[in-house]
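Protein chains in written order, with this note's numbering: chain A, 291 to 692; chain B, 300 to 621.
In short, the hints are calculated from the structure, not lab data. Keep in mind it's a predicted model, so treat the numbers as computed, not measured. We put the CB at the ideal spot given by N, CA and C, even for glycine.
Some, not all, of what chain B presents toward chain A, calculated at C-beta under 8 Å: (1) Ala-358; (2) Val-360; (3) Asn-376; (4) Gly-396; (5) Gly-425.
Below, in silico cross-link-like pairs of lysine-lysine (DSBU-like), each with a Cα-Cα straight-line distance of 35 Å or less: (6) A/Lys-447 / B/Lys-406; (7) B/Lys-406 / A/Lys-335; (8) A/Lys-670 / A/Lys-574; (9) A/Lys-447 / B/Lys-354.
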Amino acid sequence: MLFQLEGSQAVARAVALCRPKTVCAYPITPQTHIVEGLGELIHAKKLEGCEYINVESEMAALSVAIGSEAAGVRSYTATSSQGLLYMMEAVYNASGLELPIVMTLGNRAIGSPINIWNDHTDAMSVRDAGWIMLFAETNQEAVDLHIQAFKIAEKVKCPVMVCVDGFILTHAYERVDLPSQDEVDVFLPSYEPHINLDPLHPTAIGTMVPPEYFMEVRCLAHKRQIDALPVVECVGQQFNKQFGRKSGGLLHEYNLENAETVIVTMGSVAGTIKDTVDELNAKKSGKFGVLSIVSYRPFPSEAIRQALKNTKKIVVLEKAFAVGIGGILYQEISLALKNSKVKICSVIAGLGGRAITSEMIKEYLSNEKQQDDMVFLGLKKDVIEKEYCPLNDDFCNCKSKV
Amino acid sequence: MSNSTIGSRLSKKKNSIQSHYDRPNTLNSGHRACQGCGEALAARCAIDAAYYATKGNIAVVNATGCLEVFSCVFPENAWNVPWLHSLFGNAPSVATGVAAAMHAQGKDVRVIAQGGDGATTDIGMGTLSGMFERNDDVLYICYDNQAYMNTGVQRSSATPSLARTATTLPNSIYSGNEIGTGKNVPEIAIAHRIPYVATASVANIRDLEEKVAKAINIRGAKYVHIHVPCPLGWGYPTSETIKIARAAVECGMFPLFEAENGKVVGSTPIENVKPVEEYLRLQRRFAHLFGKNANPQAVEELQRIASANIEKYKLSGGIANV
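This is chain B alone, in the form it adopts within the complex (with noise of 0.2 Å):
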């Protein structure tokens, strides 16, 4: 996995799709998505290496949301791929729909389905299971902002320990998200032995590109689960996304790995593993575990997750480079 910037003067082959004269543009400049939106960035970047990959045989299946609603306003429309955009929680099922119409029909066209992380990890948990457990021929992309962020930034199971949203005031003393909830859909991903599963950021567009454009060409159902931060949501300025998002990894919070039939078969290793204090400080979701009542052990409690994801995945250089 390379780390070659946009701008970069290397083989074509190496660059960042985003940095070739004909990238595909399938989410067209003009949307309605908030200043420094990471969700818009890795939309626009996933779906144009799964573009790129397939010489442009592929249609999109939304879930409502965020890309949904920014993307797609009647009469505009952001979208230069066949897109369809259902319901909040059957995304994966429509795509299953999608898929099988392809396959009657005799036609090689890749179907995509994508979601935040409300429509991924909760409203649209059963159906995504589903789909996973009939292998059905469908990449999955979770992009996840951690919260509902379209409703107004609501706790969803993707919220992770401490961070404070709309609705998790009453939940613990630290007046964030109860410690020990939420769940790990890559995980569970992993457990239904799929083909493949993936985490990316949207802080290395390299690595999430050739993890997208891998996925979209294997046969059977495929799921990447993207970090993308929210300004808006965790409270940070606009042109610090990408900053907050590489924090991320960093620190160990967002482990970058793959798996392949139910096995994790390589991850992205840290190069100078970071306290997660740092990547905390950065946004004000977190500014309650700071200052005036500054909460150390709670900063503990998550240093701890981040060690134990460091330790699990190996990212402090243990499994080989995939």
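Extracted from the complex, chain A is given alone in its bound form (with noise of 0.2 Å):
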């Protein structure tokens, strides 16, 4: 049935379809309207049977969950940037226990300087914690992630974050189709817990682990999510035929046929993306693609050599960077890629919200120099020149000290 909603409306309201049993409440911008809305939803009897907990931390926020979902009923939470670091012990901790929460993260940039604003920083900050971590382009894309989410989840025993950009879907009115309740009960049966706290079948949870066998557990981690890349492939194809959207799986393609130079992003900003591909391929000003990665984590190494097997260039745009080094996705890019020698190039682009404009875009892709460095998308350089200040030179002069 189609709605006009606010982004986080329609993921809470997703949410209450997939029936969980537990929600933990903590505001922080910009998630704090999914929370609300899973309140909403329980007060008017929209989601029944439903433990709805405010705590004082997202470290609380999480660790209700874990303790929920290891005593076997579906969990819910959502948090953003500080939040998200401020659970950070339980992030971890929450995969290792193999328990499948489904997590939303409304992505903002992380402080210091303090900045609520979109960028995908704080994702960044998770990448290796052991969470399957789906990417929405949309706000519809949004609502079906979370409904895929759980079952992906409860398949592969491993929690699953769904990533959608602050502000830009999680505050945006937009169209949206939310299905009925019978459709998802449908799509995702019932949890059946595999770990759970019973007094007739005692069993611990959370044991330390030696050296004789750390490194086995950490492996097998490993695998299970290699496994689960088929698993996030196959939910979507479910999805897509039971709901007739194509939504989720590992990628989105875009115009990827002939494009001599492809694209490659995350998120929200992948729509600017393609409306400016499809501009400039009208002018036929170069045969441009688009390759939108749905499934950060797994990373789909081999999908996405695939899909770029006949491109000539690729542009990394990405909303995150690591200082000291640079562009995160473009170096896993880089990694999946290290046989080709197609030409990567790095773009930051839209951080702490920095708006990410087509006129930007074109402007870069026409400026085929500038393609050889890392480039910042929409840097102001007057202010990078007037504050920069290089070290002392004499410094790093070894030989001229004793």
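Need the complex rebuilt from these two chains, each delivered in its own frame; the hints are there to steer you.
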């Protein structure tokens, strides 16, 4: 059924359709409206039998979800940015304990300087934490990915983080098609926990693991993530079959046949890039395509290689970067294509909510010369020139000092 | 509160659960605790008591620390109850989640969270306060050995004044913990007005069992704080754990009391109040107060703390026994 909804409200309704038994609520911009929305749905009896717990921190939010999932019920929470860092220890713990929690990450920059607007720095900070991480491109996909996330998590026995761009998606009012409860019940059967704190069958969960076993635990976690690749793809196809919409899967390929230059990206900016590419292709100013990564973890290296095999040039445009080395997605794409001679360019864009416009992208693509180095899209170069003071040369001149 | 010993042949009701032929053995033998560990003994007694009082309907959440490390190293496990370890500072929140899940499923499983004083009074204080404030249906048990023993005896906010730890050496002229520091978590729990708060000692097992058994069947947040001497951290022979725990109670350094809904409702009077010095002299962590560089003023300072406890909790026979 079609609705005109704020992204957060749409996500809240999608989560409610998945019938979680616990929802942990703690406010942080730009995620807050999601847990508020779930509270309203519980109050309106649209989500019954669900415990709604107001916690005192994000650390508690995910910890409560860990407890409730380990005690055998479908559990959900949401966070953003600093909140994700505050719960970081529990993020690793949840995946180590193999608890299929679903958490929404309303993507937001990390301070200092404090900034509430969108980029992907928060998600990148937990890229090695053992969660499955899915990036939504639109509000519709955010809805669909949440319904798929519970199914994937429970199949793979691994928590899933659904990344939804803060404000750009969470606060945007868009048309979304929400499935009915009956339809979701068919797609997502009731939860059958694989571990459970049961007094009749006492087990110990979360024991210390000594060096004799630890490497195997980590190796198995990796194998399970790799095994999750076809699961993510298959759940996307099942969803498409039942609901008639292509949402989720590993990658979104746009105009890749015959494309000479492909822009690789994640999240909502893919929309702007597709519009730009359409414009350029119509004007015959090159042959451009877009590859949008939905499943960031597990990272679909093989699928990426296949999708980009005929490409002459790749531009990785990402909303996060690692200080001291550069683009993070850029490094991972480069690793996936390490045996290919294709040129890969790195563009850092939209940090801290800086707008990414079609004009900026067009300007970048038209200027071949600048593409050899990592580029900050829309950077105010005059500010950098004014504020940047190189370190004293003498200091690093070791020969001149005793 | 009776003092009948474990081997007593009184009726089963008055006996310690540890003397029952069908004692639950929730924490089985073969674990890796040090000889004379007060925490291991208290944990077995407490969880056995909770098991007994609920006919086995319990689930236990454990904070990181000695208790977690010595009881459960893969592939071994000493627990005969459903047991979950997550992190150092989040046991109260995890237990909240377990309780919420049990409630959502209509299961009447009583939930316990447990940890040492570091997990409770320091790193988990925020999550503990949250659990109290929401009045979640969880019994939290703190095994207080007054320092971070698992990492090698570092100061916690439960370390008593003047006690020496690996990290208190530079902190005062006494080379022990600074006087006037630390926090009283039972009092903080009382200030949350939760249904039940109690202190207990591993020297008085029947009393400990009664308090845990009472707490586990109360709905809402409960807190039991148990004094558990540590031979390694406090510096005494492993055979003297109970003697030292008893000495702490008898001098007033560790008052035994109960509180309900924000008010102290009873305490265990001390039959024969002993001087604090008798308790201190048994332990190497206070050795710097005696001998060559004896510090009588410091000992007096500790005596004042104990005497204040005796007055505050009416331990010299004031409030009626509960």
